[in-house]
Structure formats: C-alpha cells, structure tokens
Amino acid sequence: MRGRGEDERADLLIAELRRGRPEAGPMSDRVRRAADGAFAARAVEAPVAEVVDDSLERPGGVRPSAVSGPRYVVLRGAGVEVRLEISEHGDERRVAGRVVPPLGEAVEVRSPFGAREFAMDGGGGFTARAVPRGPVRLLVHDGGGPRLATRWISM
Amino acid sequence: MSDQTRDASTSAAELVGRAADGDHAAWRALIRRYELMVDAVVHCHGLAGQDAEDARQTVWCRLAEHLDDIRSPERIGSWIARTTHRESARQARLARRARALEAGEGARLLDPVDHRTPESEFLRAEEDRGVREAIAAIEEPERTVLALDLHRPGAPAAEVADCTGLALEEVASVRRRARRRLLRLLRGSDAVDV
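Chains as they are written, first to last, in the working numbering: chain D, 1 to 155; chain V, 156 to 349.
Hints are not guaranteed to be accurate.
[Stated by the list, open to error] Simulated DEER-style distance windows between Cβ atoms:
{"no.": "1", "chain 1": "V", "residue 1": "GLU294", "chain 2": "D", "residue 2": "PRO59", "range": "16 to 22 angstroms"}
{"no.": "2", "chain 1": "V", "residue 1": "ASP176", "chain 2": "D", "residue 2": "ARG21", "range": "20 to 26 angstroms"}
{"no.": "3", "chain 1": "D", "residue 1": "GLY123", "chain 2": "V", "residue 2": "PRO311", "range": "52 to 58 angstroms"}
[As the list claims (entries may be wrong)] Residues of chain D clear of chain V, computed beta-carbon distances all greater than 10 angstroms:
{"no.": "4", "residue": "GLU6"}
{"no.": "5", "residue": "PRO47"}
{"no.": "6", "residue": "TYR72"}
{"no.": "7", "residue": "GLU92"}
{"no.": "8", "residue": "ARG98"}
{"no.": "9", "residue": "PRO101"}
{"no.": "10", "residue": "PHE118"}
{"no.": "11", "residue": "GLY122"}
{"no.": "12", "residue": "GLY125"}
{"no.": "13", "residue": "THR127"}
{"no.": "14", "residue": "ALA130"}
{"no.": "15", "residue": "ASP142"}
{"no.": "16", "residue": "GLY144"}
[Claimed, not checked] Computed far set for chain V versus chain D, every beta-carbon distance over 10 angstroms:
{"no.": "17", "residue": "ALA291"}
{"no.": "18", "residue": "ILE293"}
{"no.": "19", "residue": "PRO308"}
{"no.": "20", "residue": "ALA312"}
{"no.": "21", "residue": "VAL329"}
{"no.": "22", "residue": "GLY343"}
Derived by calculation from the structure, the hints in this document are not laboratory data. Backbone N, C-alpha and C fix where the C-beta goes; we use that ideal spot for every residue, glycine too.
Please model the entire structure based on the sequences and the hints provided.
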C-alpha cells in the first residue's frame, strides 16, 4: 500500500514538474547547419587528443572566487599535449595555447561553420582571437596534413 | 512487441553504418531519430537560449567525430543520451561561470539581493535547481527516462527503449523506479520500496 501511495505522489510530482517546462522540439536551422558542417568535415587523418584536464570540471570551478581567471584545458594524444587558456569576451573567445613538444607550424581552429589558421611560434605557442562560442576543434598542421586533432569541445 | 525494438535497433545500426560511409541522408535520418531526446536532455539540465544551442551543436559534432569508431551501433541511442548529459552538464558549468564573471565585473552595479523577485519565481528557480541536482545524482538509464518523461510526455515506449538501450518490456518499470527516485530526492520521502 505504501509503495502505491508513493507511486501516486511520484505521478503527481511529474505532472506538476511538466507544467511550464518546455516540450522537446526539433532543432533550429543553425544547429542543423552545425551538424551538417561537422559531418562534412569529420574525416580527419590524424590522431585525436582527448581532454585530460579541464578547470571547469574541478570542484568549486564555477564559484565566483574561482572564475576571475581564464579556463584551462589540457588535451593529450599520440604523445603530444595541447594546453589551452581560454578567456571569454562576450560571445567570442581568445585561446592562448601551447603544443608540447612543438611539432607544427600552424594551428587550425575549426568550428562547424568554418576554419581559420593561426601561426605557431618555435616553442609551440599560438594565440587564436575571435573564436566563436560553441563547439570548436583544433588541428595542428606541420605544412602537410594535420599531425594531431583535438576532439570537439564547447568554448 | 520485442520484435519492434529489435527492428528499431537494427535500423539505427544501419543508419550509423551508412552515415560512417558518408551517406548524408543517413546522417540526417540519424539526427531526426534522436533530436527530440537530445532536446529533452538539454532541457532537463536547465539550459536555455544560446547555452542550449551550444550544447546541441556540441553533441552532433561529437557524434560526427565518433561515427567511425562506434563499437555497438545498435546502441547508438544510449551513446547519444550519455554524451548529451555530459555535454549539457559541462555547458551548464560554462553558463554559471559566465554569470559569475558578469556578476564579478558588475558587482557594484547590482543589488546583492533582488527584493523584487516574486516568491513564485524564487520557488520555481529552487525547483529547477532541485531537478538539475536530482538528474545529476541519478544514473542511466533512469536519468534519460526521466528527461523524456519530463520534456517529452507521451513518448512511445519503443522510442524510450531506443534512446536508452532498454528492452521494450522494461520501460514501464524503469520509469516507475525513476519517478520514485526523483520524488525521494526532491521531497526527501522516507518511503521505501515494498
């Protein structure tokens, strides 16, 4: 009996929570274009670097006292580390990064809507400005094809 | 009825295979099949506006990236659900960080407490926070079942099964369990399963 009473209360809770909450709907044209852009550019002949550290994921990472500085992300793949320092400027991001060991000449910053290249210095450092918010993927180039690609991360 | 589930899974696996081979129509069909579930999960993490758009975009980018190394294509629905929860939780942290940054920059311009907030809005915000925290504490498949229950009421059991990897006949009992779990987390119920 107790279980049934609980079920009734659970059903009432769901009905109450549904009120005023949005119902799931189809995606916007922009999301559809992003999905198609990612599909068209998905074939990358390079090892993929995965996120191994993200300051956003640390406990207290979004407390006001902890957000005065940039967000730090480290990705690693095929013996190469990509260290990123991401700062927000409205809807744009500034990404200062370092590839360790330095193995390329340029970093391509890819969004689902396009790509731009930024030169890398001899120490593997680069700065990408006016990067759009949302999903971004970085490709490290050394003159030929990409040597390393990061997975997509939302910035 | 279980044949229906099996057919749905087979066709999801077929779509994954064809999309991995570069078939754009299969890619679009895959998206159409799971876009409502993705939207439900994004909503249950309390995301709206541009934050919700960023989370949705990131999920499809991750799927495109992942197409070539999917080990269990027949379970792609539950992979997309897990990825959407992870990306939505990360996006929610990004959104809180952006708000905290704005608050820090504009601290002197803002009242520390907004006394104009009506009680009903405060209660609603508290309820939303409770749901987000409960969703974070609940594991798969209950988590995605709840997201669909809240934001896609009336979703056919076959769709819930396809999105969670559950057998069709398990959907009703998992939904029941998930609702009880949410009740206990939100209301601190002392009731126990009998």
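In rising order, the numbers of the hints this structure does not comply with: Hints 2, 4, 19 not satisfied by this model.
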